[in-house]
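Generate coordinates for the entire structure from the input sequences, incorporating the hints supplied.
Protein chains: 2
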Amino acid sequence: MCAKAVALAARPEGMPKTSDFQIVEVESNDPTDGEIQVKNICMSVDPYMRGRMVDRKSYVPPFQIGEPLTGGAIGKVIKSAHPDFKEGDFVSSHWGWRDGFTARADGIERLGEIVAPASEYLGAIGMPGMTAYAGLLEVGALKDGETVFVSGAAGAVGSIVGQIAKLKNCHVIGSAGSEEKVDLLTKELGFDSAFNYNDGNLLSHLRELAPEGIDVYFDNVGAEHLEAALMCMRPFGRIPLCGAIATYNDTAPRPGPNNLSMAIGLGLTLRGFIVTHFNHMKDQFRKDMETWVTKGEIVTKETTYEGIESAGDAFIGLFTGANTGKMIVNL
Amino acid sequence: MCAKAVALAARPEGMPKTSDFQIVEVESNDPTDGEIQVKNICMSVDPYMRGRMVDRKSYVPPFQIGEPLTGGAIGKVIKSAHPDFKEGDFVSSHWGWRDGFTARADGIERLGEIVAPASEYLGAIGMPGMTAYAGLLEVGALKDGETVFVSGAAGAVGSIVGQIAKLKNCHVIGSAGSEEKVDLLTKELGFDSAFNYNDGNLLSHLRELAPEGIDVYFDNVGAEHLEAALMCMRPFGRIPLCGAIATYNDTAPRPGPNNLSMAIGLGLTLRGFIVTHFNHMKDQFRKDMETWVTKGEIVTKETTYEGIESAGDAFIGLFTGANTGKMIVNL
Numbered sequence: 016m017c018a019k020a021v022a023l024a025a026r027p028e029g030m031p032k033t034s035d036f037q038i039v040e041v042e043s044n045d046p047t048d049g050e051i052q053v054k055n056i057c058m059s060v061d062p063y064m065r066g067r068m069v070d071r072k073s074y075v076p077p078f079q080i081g082e083p084l085t086g087g088a089i090g091k092v093i094k095s096a097h098p099d100f101k102e103g104d105f106v107s108s109h110w111g112w113r114d115g116f117t118a119r120a121d122g123i124e125r126l127g128e129i130v131a132p133a134s135e136y137l138g139a140i141g142m143p144g145m146t147a148y149a150g151l152l153e154v155g156a157l158k159d160g161e162t163v164f165v166s167g168a169a170g171a172v173g174s175i176v177g178q179i180a181k182l183k184n185c186h187v188i189g190s191a192g193s194e195e196k197v198d199l200l201t202k203e204l205g206f207d208s209a210f211n212y213n214d215g216n217l218l219s220h221l222r223e224l225a226p227e228g229i230d231v232y233f234d235n236v237g238a239e240h241l242e243a244a245l246m247c248m249r250p251f252g253r254i255p256l257c258g259a260i261a262t263y264n265d266t267a268p269r270p271g272p273n274n275l276s277m278a279i280g281l282g283l284t285l286r287g288f289i290v291t292h293f294n295h296m297k298d299q300f301r302k303d304m305e306t307w308v309t310k311g312e313i314v315t316k317e318t319t320y321e322g323i324e325s326a327g328d329a330f331i332g333l334f335t336g337a338n339t340g341k342m343i344v345n346l
Numbered sequence: 016m017c018a019k020a021v022a023l024a025a026r027p028e029g030m031p032k033t034s035d036f037q038i039v040e041v042e043s044n045d046p047t048d049g050e051i052q053v054k055n056i057c058m059s060v061d062p063y064m065r066g067r068m069v070d071r072k073s074y075v076p077p078f079q080i081g082e083p084l085t086g087g088a089i090g091k092v093i094k095s096a097h098p099d100f101k102e103g104d105f106v107s108s109h110w111g112w113r114d115g116f117t118a119r120a121d122g123i124e125r126l127g128e129i130v131a132p133a134s135e136y137l138g139a140i141g142m143p144g145m146t147a148y149a150g151l152l153e154v155g156a157l158k159d160g161e162t163v164f165v166s167g168a169a170g171a172v173g174s175i176v177g178q179i180a181k182l183k184n185c186h187v188i189g190s191a192g193s194e195e196k197v198d199l200l201t202k203e204l205g206f207d208s209a210f211n212y213n214d215g216n217l218l219s220h221l222r223e224l225a226p227e228g229i230d231v232y233f234d235n236v237g238a239e240h241l242e243a244a245l246m247c248m249r250p251f252g253r254i255p256l257c258g259a260i261a262t263y264n265d266t267a268p269r270p271g272p273n274n275l276s277m278a279i280g281l282g283l284t285l286r287g288f289i290v291t292h293f294n295h296m297k298d299q300f301r302k303d304m305e306t307w308v309t310k311g312e313i314v315t316k317e318t319t320y321e322g323i324e325s326a327g328d329a330f331i332g333l334f335t336g337a338n339t340g341k342m343i344v345n346l
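In the order they appear, the protein sequences are chains A and B.
For our numbering, add 15 to where a residue sits in the first sequence, where the first one is 1.
For our numbering, add 15 to where a residue sits in the second sequence, where the first one is 1.
Everything labelled a hint here was simulated from the structure, so no lab data went into it.
Watch out, some of these pointers could steer you wrong.
Copies of the same chain are indistinguishable here, so a pair counts whether it falls within one copy or spans any two.
Claimed, not checked - Here are the simulated SDA-like cross-link-like pairs (lysine to any residue), alpha carbons at most 20 Å apart as the crow flies:
1) K72 - E124
2) K72 - P226
3) K32 - P132
4) K72 - M277
So this is what it looks like as structure tokens:
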């Protein structure tokens with residue numbers, strides 16, 4: 016039996032394009048000892064994958080041309096040769112970018128009972144939600160009542176960051192790339208204020224919306240956003256460095272913030288992290304987030320593409336602002 | 016009675032020059048209720064003072080033209096009208112840049128018994144030593160046996176950072192601005208290796224001397240030093256941001272490191288600090304450092320200028336590399 020997968024046809028230069036991706040067939044045979052065969056329900060495209068398309072040393076190895084890409088996916092076991100998995104089980108795996116697979120079950124997570132739609136386990140209850148949770152509460156050491164600024168606030172991570180901060184009684188400001196997204200943040204997701212970063216000067220927006228300064232800046236964007244936020248930080252503020260999507264398609268290094276030395280007098284902490292550094296918080300996270308999502312205390316937003324053939328375009332959409340909330344490809 | 020003091024004649028543009036400073040006379044009358052009259056023995060010039068010469072908001076207010084400058088000084092009480100101070104007491108004050116003063120005793124530190132020459136209490140056993148101690152052990156969260164890189168390593172702070180790290184069994188690499196200073200670091204101060212940052216490419220030096228990477232980079236310099244160090248950090252490395260002397264005389268903002276996003280995958284922490292954030296460690300610091308200095312476990316270096324008239328030139332020398340170790344003006 017065969018499954019369809021997406022492979023890198025060429026390494027993107029700058030902004031990825033449709034022709035950088037191609038559909039290939041991969042084998043998905045009957046499982047043998049210790050393996051399971053899975054039909055994927057939906058898959059994730061995430062900004063970090065852009066880094067893996069470049070041939071360089073990083074915290075995950077680069078993708079290879081012609082080889083199927085990988086990434087988060089939720090699927091259902093259709094045949095099992097592993098004692099811990101049975102037909103019909105939901106699983107979370109890194110075998111995304113394909114509509115099905117057969118693989119050793121080690122390293123594949125059996126989700127057990129799921130209380131929300133499968134795609135939530137790629138979003139709010141999955142990696143982006145966990146990134147928001149660990150980044151804000153642990154890396155950002157958030158305290159009740161503080162002022163929080165999150166960039167890329169309508170994205171999969173940012174939209175959860177802002178809502179967790181609201182649950183912690185914080186004053187929350189978000190930036191996003193369109194008026195529609197700004198409306199979403201303030202009218203549906205409960206942000207105290209938000210601005211369109213394509214409209215006017217970042218620093219003026221921030222100074223107006225956070226006149227007394229920022230305690231935690233959750234950085235999804237890097238570049239000018241980080242520079243503007245540094246100008247507004249309060250003493251002993253924290254800056255979780257989560258992503259720098261503004262720079263991921265740069266073909267040459269871009270200068271960093273010219274005011275990093277402000278961190279000295281103010282005693283600021285900038286701390287980079289990736290979600291896997293915080294696996295010890297996973298159980299608590301799932302418990303908290305399932306509660307928040309099912310009670311509607313956290314509102315989740317998805318942008319969906321249909322079919323494996325659309326996965327490349329869904330990925331490109333992450334950089335053009337096509338997504339509001341989590342970008343999902345239904346398979 | 017009058018004392019001589021140094022005032023700002025003009026705000027320096029870029030590198031300060033002798034004519035930016037002028038000698039003025041200040042009153043130092045007999046002390047009245049709660050005051051003490053002090054003859055200064057020696058005073059400190061420090062890089063952070065450059066920031067106070069600019070008319071902008073910072074963690075300390077700017078100096079005013081024509082007004083005497085202030086800074087660390089060690090002196091001896093000559094007359095006292097305060098019950099806690101008596102003639103002959105050594106005091107540490109912020110009434111530097113003058114050969115004597117009369118002032119309220121509140122906020123002036125009585126040193127009690129001193130076990131080393133007075134100038135050490137402006138250096139290793141004073142603010143620069145405390146900066147090194149808190150920055151390395153607390154901000155840098157140094158662990159035994161790690162690899163430490165310190166820039167500006169022949170300076171007042173850097174020379175102590177490297178030696179504390181050696182006392183903690185670390186592998187220590189330093190950068191300095193001349194071959195003589197490099198020799199000092201490796202031959203007299205016990206650094207494992209050192210390089211001249213004016214000779215060749217920073218990154219090549221670092222990669223050669225720290226082939227397995229850096230756990231703690233103590234940043235006194237900023238700019239290109241920080242960018243090069245970021246390329247060599249080990250996972251979960253820490254970067255205490257102590258100073259950015261490379262940029263203090265810039266007349267326009269200088270771009271920051273173009274590789275700050277490396278902090279994300281590696282889980283790096285960059286944390287700015289100033290010494291006064293760590294006053295709670297002061298007693299432990301003095302006890303430890305007096306022991307290390309008097310036993311010769313930490314070697315201290317001074318560059319001295321003589322007389323209040325030389326204070327401006329001593330300050331300028333901080334930026335031209337004229338000092339090895341602590342820069343002291345004897346009064």
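Verification of the supplied hints:
1. K72 - E124: Answer is neither; intra-copy 27 Å and inter-copy 53 Å both fail.
2. K72 - P226: Cα proximity of K72 and P226: across copies only (16 Å, versus 41 Å in one copy).
3. K32 - P132: This pair counts as neither: shortest intra-copy Cα distance 30 Å, inter-copy 69 Å.
4. K72 - M277: Cα proximity of K72 and M277: across copies only (11 Å, versus 31 Å in one copy).
Of the numbered hints stated above, those contradicted by the structure are hints 1, 3, listed in ascending order.
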